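Please work from the sequences and hints to get the whole structure.
Here my numbering is used: the first residue of the sequence shown is 1, the next is one more, and so on.
Hints listed in this document are in silico derivations from the structure and should not be mistaken for laboratory results. Source: prediction; values computed, not measured. There's no promise every hint is true.
Claimed, not checked - Pairs of lysine to aspartate or glutamate, EDC-like flavour, derived with a Cα cap of 20 Å:
1) K164 / E208
2) K164 / E199
3) K164 / E138
4) K164 / E136
5) K164 / D214
6) K164 / D146
7) K164 / D229
Unchecked claim - Derived CB-CB ranges, DEER-like:
8) L137 / S197: 21 to 27 Å
9) G129 / V243: 18 to 24 Å
10) L27 / S197: 51 to 57 Å
11) T246 / S58: 15 to 21 Å
12) T249 / S192: 16 to 22 Å
13) L27 / T246: 54 to 60 Å
14) G158 / S58: 22 to 28 Å
15) T189 / F24: 42 to 48 Å
All C-beta atoms, glycine included, are put in the ideal place defined by N, C-alpha and C.
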Amino acid sequence: MKNINSIFSPERRTAVNGLAVIGFIALAAAGVWLAIYSTRFVPTAVNRIGSAAVYLSSIFTSPKGASLSVVPALSSASTTTSPVNAAEATSTQVTSATAKPTQTNWTPGTPVAITNGATSTPLVAHYYGLPDLAVELETVGYMGADGNIVATTTIPAGTQIAVKFRVTNIGTSPSGTWTMNIAIPSAGTFASQTFNSLESLVPSQPSEYIARFDNIPAGANQAIVITIDPNHQLTESNTANNVVSTNVTVLGS
Numbered sequence: 001m002k003n004i005n006s007i008f009s010p011e012r013r014t015a016v017n018g019l020a021v022i023g024f025i026a027l028a029a030a031g032v033w034l035a036i037y038s039t040r041f042v043p044t045a046v047n048r049i050g051s052a053a054v055y056l057s058s059i060f061t062s063p064k065g066a067s068l069s070v071v072p073a074l075s076s077a078s079t080t081t082s083p084v085n086a087a088e089a090t091s092t093q094v095t096s097a098t099a100k101p102t103q104t105n106w107t108p109g110t111p112v113a114i115t116n117g118a119t120s121t122p123l124v125a126h127y128y129g130l131p132d133l134a135v136e137l138e139t140v141g142y143m144g145a146d147g148n149i150v151a152t153t154t155i156p157a158g159t160q161i162a163v164k165f166r167v168t169n170i171g172t173s174p175s176g177t178w179t180m181n182i183a184i185p186s187a188g189t190f191a192s193q194t195f196n197s198l199e200s201l202v203p204s205q206p207s208e209y210i211a212r213f214d215n216i217p218a219g220a221n222q223a224i225v226i227t228i229d230p231n232h233q234l235t236e237s238n239t240a241n242n243v244v245s246t247n248v249t250v251l252g253s
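See the structure below:
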């Protein structure tokens, strides 16, 4: 049997040894890189699990001149409310002890036309001036098991914070599409959300929303801030009514 040293020349042995050293260095470098990656990026990914989330739902957007009808679900008594003009309505409640109101629905009103001989011409609104979007809070609390908001500023652990609010164009011209930011600044960027391209509102037209927050850390006096047109893209007659805020205390588990 030939000696193994006689099979490989010194040059071959040197080349093999060199490749082995290079392979070892490459494996060591890969191990160091993986350790750095795990240290820097894995905690970030884990920390994002269960982070706060912001949700927005629109309850209604009323066309100007629309009518509002509230039809209660009756148990033993009968209660009826008459239609209310949208330009005059702010809120409608049914207070009968035996009646529970169903979802409020806005429906367009009947178009009015001017008849001139055989020609019928629909009325066209003539706007002037500037829009003015105003935001106002209606209710703050948390989402109950029945899907309704429980009004309170003390939020139990494990529940969704809920804020009901209304945006109304109190100006004299349509707003065009607009943006809105909803945030709990103390909870970080994950509890801040900007909603873009919201529906244009004509003068006197309201739009009502419910914002919900998940996984907000426990803490006292945490501000909830709602900002209309946060990037100042609209030209309005008044911007002082574009921001509204309230404070809540989130209890720990």
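Hints versus structure:
| no. | hint | verdict |
| --- | --- | --- |
| 1 | K164 / E208 | 7 Å, holds |
| 2 | K164 / E199 | 18 Å, holds |
| 3 | K164 / E138 | 5 Å, holds |
| 4 | K164 / E136 | 9 Å, holds |
| 5 | K164 / D214 | 15 Å, holds |
| 6 | K164 / D146 | 16 Å, holds |
| 7 | K164 / D229 | 18 Å, holds |
| 8 | L137 / S197: 21 to 27 Å | 23 Å, holds |
| 9 | G129 / V243: 18 to 24 Å | 22 Å, holds |
| 10 | L27 / S197: 51 to 57 Å | 52 Å, holds |
| 11 | T246 / S58: 15 to 21 Å | 20 Å, holds |
| 12 | T249 / S192: 16 to 22 Å | 19 Å, holds |
| 13 | L27 / T246: 54 to 60 Å | 58 Å, holds |
| 14 | G158 / S58: 22 to 28 Å | 26 Å, holds |
| 15 | T189 / F24: 42 to 48 Å | 44 Å, holds |
Checked against the numbered hints above, the structure violates none of them.
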